[in-house]
Amino acid sequence: MAADYGVDVDGVLDWPDPEVLASGPRNLANALARRLLTPDGALLDVDDAAPYDSINLRDWLAARPTPAEISALNTSMQHVLAQDERVDTVTASAVFAVGVITVTVKGTGAAGPFEFVLTIDAVSAPRLEVLQ
Amino acid sequence: MSVLDDLLTTPSQQAILDGEVLPELRANRVRVTDWIVGSLTRGAAYTIAKLRSLSRGTIATFAASGFGDYVFGFVPLPSWLTPQQQADVLAWAPVIAKQCFGIDQILATYTIRTIKLTNTTATAYNVPAGRIWIKFPSGYRYVSTGAYVSAGNDAVDVSFRSEFVVDSLVGRNYDDASGTAGIQLVTASYTGVAATNPAAVFDTVTQFGSGLGLVTPTGTPSGSHTIIATILTSGNVGAGTWSVSHNGGAPTVGAIGVLANFDGSGITVTPTNNGGSPAFIKDAVYYIAAPGSDVTQRGRNLETPPELGTRCRAVFPLLAFIRDAAGNALPISPTAAAYRALILTAFPEVKTCTVLTSTTLNDVVNLYIAGQGALLTTVLIAQVRAFVNSLGMITDKPVVASPATQGITLAAGTVTVKSAQAASAKAEAQRRVTAYLGGVDPVSPLPYGGLVDRSYILSLIRTTPGVVHLDDALTINGAATDYQLATATMATYAGNVGTSQTWATQQ
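Going line by line, the protein sequences match chains A and B. Position in the first sequence (from 1) plus 752 gives the number in my numbering. Position in the second sequence (from 1) plus 847 gives the number in my numbering.
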């Protein structure tokens, strides 16, 4: 059986209406974006105790990080994203500008390369653009 | 499974996932294949299962609260209910008591004391209530509830109440003894003013009933004493007759007159006519108690669900429905449980009440009452007597009195504790032992005349957080055995396990 990234409901944080399924790189992008928008340990609130590393980039919306801090954040994101068992290699870079955080993620997995851009601000829902 | 079993059963989140949510997804042919932690569908499934488990728990809690044995804590709740759910069931007790029995839960109260503020300067003070805080060496703080007005070079009595209501579960007993040295003024200092809490040798002699005659105690007794003098026939000193008892013992009956060192108590009881004729009226009762106390209201814990339930269930069998030989019903004659329910409901300061029928006198019912861990004032005892008498029972002759007391001394024994927890362990062990010997242990309350259980005291100390070992050398009043309290005798404890036992530390 060829490797694939699985099928799940197509959404990052919200349940879509009508319900649409996502597969392939899009499903993986949804899952990885979720790891960048979930407070660490949040799944314990619903008693899902499986190991799950995550960070919540929305905590950084009011920040004005130095280059060193951005570099450390990139490293943290890459560490978190690499915990997904479908990911073989991954890079992540964040750009902070006028209250918007733009994260570009590239990587490879068992079912091929993936790339997406996640945009976060304080007003709108996170936007995910899957490039590959 | 019965309907009740079904209502009380709380399936786990995992059981709901496996038995309801996932099968439902399968039945609806949901095509999700990504079940890796963090996936939306997995998260939704866990959330739904948890919500359903919580709702089933709420249903079980609500169902259990409808049964008196559960809601009042008389029987253990189903073991699958979580500790929080079990606490939720018991939390319904006040509501059920009020709705089904019309009875209010007795709330926790403050301890109120009379503090003497002695001003050794010529400076006058006029301090409104609530402005003066004092602290006893025990750490307990009290706040003034009356104004302090001093003209200088005087001593003024001011009423103070405890900082918090009494709660023995967190060690707030406010059981400071009268005459405690080292009371500090916590608030802005009042130069030259010192606080003390002296108590008279005798409590106020309280009279129940009419008559101008007075009864005056003198002497220097040691320990606790209660003397009750009941007028049997009206008359002046030397002419009337009375029955006098000491600490609930057999009464001495005779002409009204001086009783020197009555019953070996060290108390001389002196009656005087005080201008009356007859001075002493039949059925009047005089209460004498020693020592006196600066406490004017003995605070108490919030009534527990079992205590509340006991009062509630006593309501219905209140009337014993005694009938005479002709089969005619006699007016109200309470059962023992009813006496307790009546007194505890009417007088919240009364924490315990033991009912014992006399083994020597017909129709006499002895009602021994006390506050939380301490005796009550003669004033309150007289009030309770008046209340009980007002019920007008024909078949009973209730006698209200304080129980005799027996001091408990713990000694010997070595406790091994982790060094970092030594201080907290000593404090917690002291709280537990004080609550047990004070009759307010939540699991095993010690009744009057009960057995002071040595193994239970050992378990209280051994299970204190931080304690890692306890030897078997503990003694109770000098012996390494259980201690049996005499009938109608209340245990009192003024010791401190933090100092009476040896505490060895380890890393």
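Just so you know, the hints here were simulated from the structure itself, not pulled from any lab data. Take these hints with a grain of salt, some might be off.
[Stated by the list, open to error] A partial selection of chain A residues facing chain B, derived with a Cβ cut-off under 7 Å:
#, residue
1, GLY758
2, ARG778
3, LEU789
4, PRO791
5, ALA794
6, VAL798
7, ASP800
8, ALA801
9, TYR804
10, GLU821
11, SER823
12, VAL832
13, GLU881
Beta carbons are placed, not taken as given, at the ideal position from N, Cα and C, and that holds for glycine.
Structure-based check of each hint:
1. Contact between GLY758(A) and chain B, as hinted, is supported at the beta carbon level, the nearest pair being about 3 Å apart and thus within 7 Å.
2. Taking 7 Å as the C-beta contact cut-off toward chain B, the hint placing ARG778(A) at the interface is violated, the least distance being around 11 Å.
3. Evaluation of the LEU789(A) hint against chain B yields a violated restraint, the C-beta minimum of about 11 Å exceeding 7 Å.
4. Hint status for PRO791(A) relative to chain B: violated, with the closest Cβ pair at about 13 Å, above 7 Å.
5. With 7 Å as the threshold, the beta carbon of ALA794(A) stays out of range of chain B, its nearest partner Cβ sitting at about 10 Å, so the hint is violated.
6. Interface hint at VAL798(A): satisfied, since its Cβ lies 4 Å from the closest Cβ of chain B, which is below the 7 Å cut-off.
7. About 5 Å separates the beta-carbon of ASP800(A) from the nearest beta-carbon of chain B, less than 7 Å, and the hint is met.
8. Annotation: ALA801(A) was flagged as interfacial toward chain B, and the flag is violated, the nearest CB pair being 9 Å apart, outside 7 Å.
9. For the restraint placing TYR804(A) at the interface with chain B, the shortest Cβ-Cβ distance is roughly 5 Å, inside the 7 Å limit, so the hint holds.
10. Here the hint on GLU821(A) is broken, as its CB sits about 26 Å from the closest CB of chain B, past 7 Å.
11. Below 7 Å, beta-carbon pairs count as interface contacts, and SER823(A) has none with chain B, the closest being about 25 Å; its hint is therefore violated.
12. Interface restraint check: VAL832(A) against chain B, minimum CB-CB distance 11 Å, threshold 7 Å, status violated.
13. Against a cut-off of 7 Å between C-beta atoms, the interface hint on GLU881(A) is violated, since the closest Cβ of chain B lies about 19 Å away.
When the structure is compared with the earlier hints, violations turn up for hints 2, 3, 4, 5, 8, 10, 11, 12, 13 and for no others.
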